[in-house]
Structures are given as C-alpha cells and as structure tokens.
Amino acid sequence: MRRTMLYLPGNNPNMLLRGHLFGADGLILDLEDAVPRSEKSSARILVREVLKNRDFDWCEVTVRINGLDTELWRDDLAAVVPYGIHGVRVPKVETPQMLKDIDDALSSLESMASVPVGTTKVFCLLETALGIWNAYDIALASRRVTAIIPGGEDLAADLRTSRSKEGTELEWARRMMIVAARAAGVDALDTAFPRVGDEEGLRRETEFTKQLGFDGKSVIHPNQIPIVHEIYDPTEAEIESAKKIVQAARDAAARGLGAISVDGRMVDLPVARRAEYTLERAGIITGRGR
Amino acid sequence: MALNAVKRDIPSNIEGYGSTDGKLFGGAFARKPEGCRAGAAIRSRGPNDGGKFLGSIRDAIAASGLASGMTISFHHHLRNGDFIVNQVLDECAKAGIRDLTIFPTALFDVHRALIPHIQSGVIRRIMGSVNGPIGQLVSEGELAAPVVLRSHGGRPRAVISGDVRIDVAFIAAPTADIGGNMSGRAGKSACGSLGYAFTDAEYADCVVALTDNLQHYPIAPISIPGIYVDFVVQVGSIGDPDGIVSGTTRVTRDPLRLLIARHASKLIEASPFFQDGLSFQTGAGGIPLAVTAFMKEAMKRRHVRGGFGLGGITGYFVDLLKEGMLKKLMDVQSFDREAVESISSDPRHIEISADWYANPWNCGAAVNQLDVVILGATEVDMDFNANVNTESDGALLHGIGGHQDTAAGAKLTIIAQPLLRGRIPCVVDRVHTVTTPGEVIDAIVTEFGVTINPRRKNLIDACKEAKGKDAVHLVPLDELAERARRMSGPMAPVRQKDRVVGVVEWRDGTVIDVVRQIFPENISS
Amino acid sequence: MGLMEAGRAAQAGTVESMDCLVTISPDAERRRIEISGSGVSRFRATMEQKINQVLDKLGSSENIEISVQDNGAVDVVLGARVEAAYLRFKGVIDA
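Quick mapping for you: the protein sequence lines, in order, are chains Y, H and G.
Each residue of the first sequence is one higher than the last, beginning at 19 in my numbering.
Each residue of the second sequence is one higher than the last, beginning at 6 in my numbering.
Each residue of the third sequence is one higher than the last, beginning at 5 in my numbering.
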C-alpha cells in the first residue's frame, strides 16, 4: 500500500525522527532537492545514522539519492543500502541504461553488506520528456523497479511550460504513467502537490489522479496525509488481500516460520504490519497502538 | 521528614513557610474544611467621610497604611501588558517599605522588573507563580522565603479560610467609577473577565482600585462593586493593550501537535462523556485548541451539542457559542479580543470568579461540572502524577494555574503532550515535582497514542469499542516509558541542594511537594 | 565545491529543534568537550560518552575542542553531527 509517501528533508533531524509518526504508508528520506549543496555529506551521515536506528514502525522506508548526473549518487547508495531500506528513489531517470547502472551499483553494495541481492527496490522519478517517453522500457529495465513517478516542477519546465493550478500541463504525462506502469506491472505514484496550505486543491488533484489510476501520491507535509488517505481509503479488494496476508502471517508465526509468500508476493514484517493497518483502517481489527 | 500520600518526603518544618504538621497531602479529596470563613477588617465610608479618589499610587500607598512586612495582592488579567505591579513596587521602594510578601494570582515576563526589588529586600516573599528570570532567581535560592504555589482554586481557598491575609489589594481596573465600582469589559485596557480579583476585593483589609478609564458613578455593568473598595486611583495607563489580549487565536498547523490533538479527540469521542451537554475546558495552548477544533468536527458529524465551555476563554470558544455548539461560556479569564468583545455583549458568556471557578471549599465550583479537560505537563510518571511546575533541570518556572482544580473536577482529565521535547522525555519513572496526583489524571496522550490510567477500566473498555476510523490507538504506560527511555538515553538526576525554595500546595492547602534549590545555570559538573 | 583546509575550525548541524551545532577546533592540550543548551542538565554524561565513542571510532587522536550547542539532539543526531564536523575538520568531506 503506497497511498502516501512522505518526503523528509535529509538534514532535518526533527522530521527524520518523527516522520514515521504521521501515518504515511512510506517515507522518502531525501538527500536530493531538500538538501543544499553544502550539506550533502552531512545529511548523508545523518540519514545513515537514522536508518541504523531502525525506528520507523510499519512505514516503507526509501531514500531519494542524488541524480546520476552528479558525483554524489554512489556515495549516497553506499551510505544507505547496508541498513535495510526498502528502496531508493532515483531522480531524473531518462533511459533504461540508467537503471542498469543503478542495478549494478546496488547489487555490488548488497553483496558487500550481506543483503540478499535484489532486496533494494527502485522508484523511478521521470522528470523529463525523455523519461516519460521511455517510461515503459524504464519500468522493465530492472526487476528492482517497483514504481514510476512523474515529475512536477522539473517536468513542467522540461516541457517548456509551468505548473498550473489545474495541472493541465501534466495531464498527459500522468495518463502515460498509468499505461506504462500497468503494462510493466509496477506501481504508478503521483508527484507531490506543492501548495501545502491549499487543502481543497490537494483534495481535487488527488481525486483526479486516483481516478486516473494512480496507486498513491508523494506528499511533502504531514498535514497532507489524512486528506490523501481519506480519498484512498481501502477498497474491498485491498481489505480481502490484507485479510489473507494477516492470516498467513499469523499462521506462519504460529508455526515459527519467518518470511512467507502470499499470492506470489513476499510477506515480511512491514508488509504484514501494513496489512494489519489496512484492516484496522477498515475497522475489521482493533488497533493496538503504534 | 514524612512521606505524604504521593510518597514525597516533606520536611516537618520549612523555614519561611512553617510547620507542615497536619498539612501533608493525604489524597485529592481527603481534607475537609472546618470552622468559619475568615473576614476582612470592617470599614465604613459614610456620607461625611469624603471621596475615595486619590491622585497617585504613592498617595494610595500612604492612605492604605501599607507598611514593611505586609502582604499585597494583584491579579493577572493584564498578563504581559501589566504596568501596575511594577509601579506599585517601585513606589513601595521609594517609600522605604521593605520585606513585603507579594501575592499575585500570577506573574509574567514583564514582571522581571521586580528583580531589583527582590535583591534589595523590598520583596521578601512571593506567593504565586514565578517564571522566566524570576523563576530562575527563586530556583537558585535568591529569595529569603520559599515561594508558595497555589492553584487558581487553592488561592481563593487560602484567602477565604484565613491561610493568607491580604493587607492591601491593588486591583487594576480597565474601567472604574469614583465609587470604586470596577469592570474589565470597557476601556482602552479592556481585559474582559476580572475573575481572579473578586476574592481579593472581598477579603483584603484595604482595597485600592487603579484605573486609566475613570467614569461617572455608576458604571454598568459592574463586575466588582465599590462597596469593597477603599480608594480609587487614576493612572495614565494600567497596561499595554497588545500585552493584555492576544490577537485572534488560530489553530496550530504544527503536524506533531495536530497528531496529538487528533489522538486526544478520538479518545474524547470514544468516551462515555461525548454526548449532548458535553462541557469542556481546553485553554489557549496549541494542542488543546486543536483538540477543540477536532471535537467540533466530531460534534457536527455525530450531531452532539455541547453544554458549557469553562476557564480561560478564547475566540475559538466564542465561535462555538455563536454557532450553537456550546450553550454557555463560564469565563474566569478572557484571552483574546474576541473573548473580551463577547463577554461584554453576550449574556450567555458569564463572568465567574476564581472561587466560583475552582475553589474546593465552597458549595460547588464550576470545575465539578466539567466533563473533559485537556491539560499539559512537563512530566508525567508511572503513577500518572503530573509535574507542571519544574523544568528538566529542576528550575521552578511555571505556576499551577487551574491544573489541579480542573483535573480534580473533570470526569475525563487528559494530559496531552509530546513524548519528547527535544531530548527530554515527558514520561519518566518519577516526576521531579508532583503538582497534580495521578489519582485525578485519566489519560496521557502523546504522538504515540493514548495511554489510559489503568484505574479507569471503563474508559479503556470504551476505547476498545471504537473501531475503524474512530479507533483509539492505546499504548500501555510501560511501553510509552520504555520508548522514551530508548530515545532519550540515560538521564542523570537533577542536581539540587537541600534548601526548599518552593512549596507546592494541593488545592486544599496541604503540601503535595516541595521544590529545592538548584545549582546556578551553566555551571558544569 | 572545494574541500576545507584540514585542521581549522569546522562545524556541522544547526540550532533547530532536535538538532545541535557541533564545532570542532584545535586544542592546545587534550580532547576537550564543551556542551551547552537544553540537554546539558540531565544528559551531559550520556552526550560526552557518545561524542567520545564517535571520535574514537573515527580514529581521532588529535587535541581538539568539541563544542556542542544543543537544542534537544538525541544520540543518533549528536553522533551524526560530531562525525560530520570531524570529517570536515579533517578536510575529508565538503564544508
């Protein structure tokens, strides 16, 4: 479940430590746009230490690394991959070749850190016209790709337009994302809504992109989470799937098994917890705190 | 030394306070009043005795007979805009008066100007809340006698029962007439309710009204009648309007506070008290105000109409009244312009005294009718005891306010607070100072969810009933404490000396805890 | 982005809530730790221990003064800030 993924500025201890409390399905510890040039190394160290601390409850934890056009991305990956993150969010992905580079770097880091190769998923930010055009090939370029996400401001600029209140300029790219994601079998996640105080605008945009088929939305402020969740309240199918996962996890626990598989999908602790959360939100089981 | 009912070691005699024999806290409702009320000196002013009007504070001090060693009182309705307390003490100093006990209902940052008078001995003792630089001074042992802290209800109880005798009450009045009738509703320094001043007016041996808006006799409406008032003084200005009332109080956008408020709101909604007639007090703090906003949504959604709102009143409560979500407001203190405007124009917005609000020794204070109160605390411990007085370094920096009274009176008392302020945990093994005993605290709400006092089994059951969107995230206290310990790391004990610098009275006048002197700031170990 | 010259005073962190500002500069005699701010009254020992642990792990043997202006940093944050300040002090990372 990726209804909301919350960006947390990588140099802000307050948000890095508290971000998981706000109920987002996922977190994006951001080393890219939220961190000024002069703080890149300092933020990388901070994010690494916060990851080591492993206090994120059920959230899916990802890190947005710096772009492949910078000298920073390899160090970013090296700092975070050994500490059990679910995935990396890669900015400005334009070609399948870029995925190969990421894939190789991740595999080598995973082997060194004794993390099973392939564990770290990739969330691709497609922030240029070329990236959007190649969306399907990018989504299939590595088994690690788990979601594709259209850009916002950067994409609008690359399209030689600007971001409007109605989002007209992004509409085609968004539709394209859905088609590519479904064809490739990955999630389509929407870009963030930039105006934090504009709750009505967020509501309108989320209703629209959910109807297009997006699985969820990136958010840049905790106050955006309840609004998006309200629109993405669990569907019957989600509830049924969650019931299966929770049941399987309970059976596995009773028989002393670790990770198990449900409908071909690996169920580890975070997945089981999110499933419980889905049922809790649907009122099927009672919440037992965080 | 003897242990009181919250297991605090209380010295049998406290220098500058007296014997604690028979005055150890014995339980929230253990001590009952005996005997008769105390009373002020009987004075009269007949038709041939001349007027009350005096031209200056200096003249009033002379006329009142104020002398060294006496006790003078003030109210805090002018908050951080107050000019009167500092001016009166300046004049006392000039007149050579020393060793005064000041008995304010609260002090604010603006009163740091009193520090020279403390250092020079004009002020010997403070009975009332201290904060900021004065609090630091007190904590480091600079006052001759310990500060005595009383709740908003405990203070009028102390006056009425004779624990404290007020020699002269100086009452700042935004509007007064030459007969001494007073009101806070009008004038350039309008503050709305004058609730904290009522008992002082009735029980002081001499009452001086100070106003910057002198009117013909009589004003209307009248809050405090001139029959209690000895002298009326006209001054240029009693306060700075910007410090007296705040602008419109807005609900916080801080996500952490909103998260805590949402948890608290769900608890209230799940509780048996969420029904027509619901009465509540939330004050003006960030989290409580946000709880009010969420409760309002819930009340609309579930078609519940509230009863009355109590305590310090904000524009937000005024809106609830106007929208019919509350039927009455009982106002001991008006926080902002909207509240001042409302109490002046809407008869459903009632001015009440501190006695009426919170005194445990009358025939039914308003707090006893409360369903829900949302409070804060610097610390809460494994017995649910709350500390609102001392900070993590042991410094005495906050008054009690209505904390004890509302906690004791309300059916559902909620402490809503982030688990960590920076690195400092709000849930600890043992609070440094007990302000309010755990027996009257029902729940702690943090960003991690709702922690209910195990004694409130019915409340726990009610929360477990709530499902789906209304589900309440319950977190046991030991889990919360363990989380705080893990995040904060090992905490060293507060370094303190033996000397008592503050006495915390429970609202019934018993000693619930003492505050001891700390080492000066920033001196390393 | 030039690297800082090694051996001169270096900083990391901020004075925002839950953060700390760590300044490392040469000291004439020994490793010296100065802490001020919100955590100091109750967490001085815990903080000193964390600072020493991080510097030892980084192999620091210089005589340096580590000055911490704290605004509620937990150990995770304090450790990260000390490491960044030290690596900047050594000219190993950007500043």
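Careful: at least some of the hints might be erroneous.
[As the list claims (entries may be wrong)] No farther apart than 27 Å at their CA atoms in a straight line, the calculated lysine-lysine pairs in the BS3-like style are these:
#1 K37(H) - K416(H)
#2 K262(Y) - K474(H)
#3 K54(G) - K118(Y)
#4 K262(Y) - K416(H)
#5 K262(Y) - K37(H)
#6 K333(H) - K469(H)
#7 K261(Y) - K416(H)
#8 K261(Y) - K54(G)
#9 K462(H) - K474(H)
#10 K61(G) - K261(Y)
#11 K94(G) - K54(G)
#12 K261(Y) - K118(Y)
#13 K474(H) - K261(Y)
The hints are simulated quantities; they were obtained by calculation from the structure and are not laboratory data.
Hints and how they fare:
1. K37(H) - K416(H): With a Cα-Cα distance of about 21 Å, the restraint between K37(H) and K416(H) holds, given a limit of 27 Å.
2. K262(Y) - K474(H): OK: K262(Y) and K474(H) at ~21 Å, within 27 Å.
3. K54(G) - K118(Y): Judged against 27 Å, a Cα distance of about 40 Å means the pair is violated.
4. K262(Y) - K416(H): 42 Å, violated
5. K262(Y) - K37(H): This hinted pair is violated, its Cα atoms lying about 61 Å apart.
6. K333(H) - K469(H): Roughly 32 Å separates the two Cα atoms, so the pair is violated.
7. K261(Y) - K416(H): The hint is violated at about 39 Å.
8. K261(Y) - K54(G): 44 Å, violated
9. K462(H) - K474(H): 22 Å, holds
10. K61(G) - K261(Y): 47 Å, violated
11. K94(G) - K54(G): 19 Å, holds
12. K261(Y) - K118(Y): Cα-Cα ~37 Å, so violated.
13. K474(H) - K261(Y): Measuring from Cα to Cα gives roughly 18 Å; hence the hint holds.
Hints 3, 4, 5, 6, 7, 8, 10, 12 from the earlier list are contradicted by this structure; the remaining hints agree with it.
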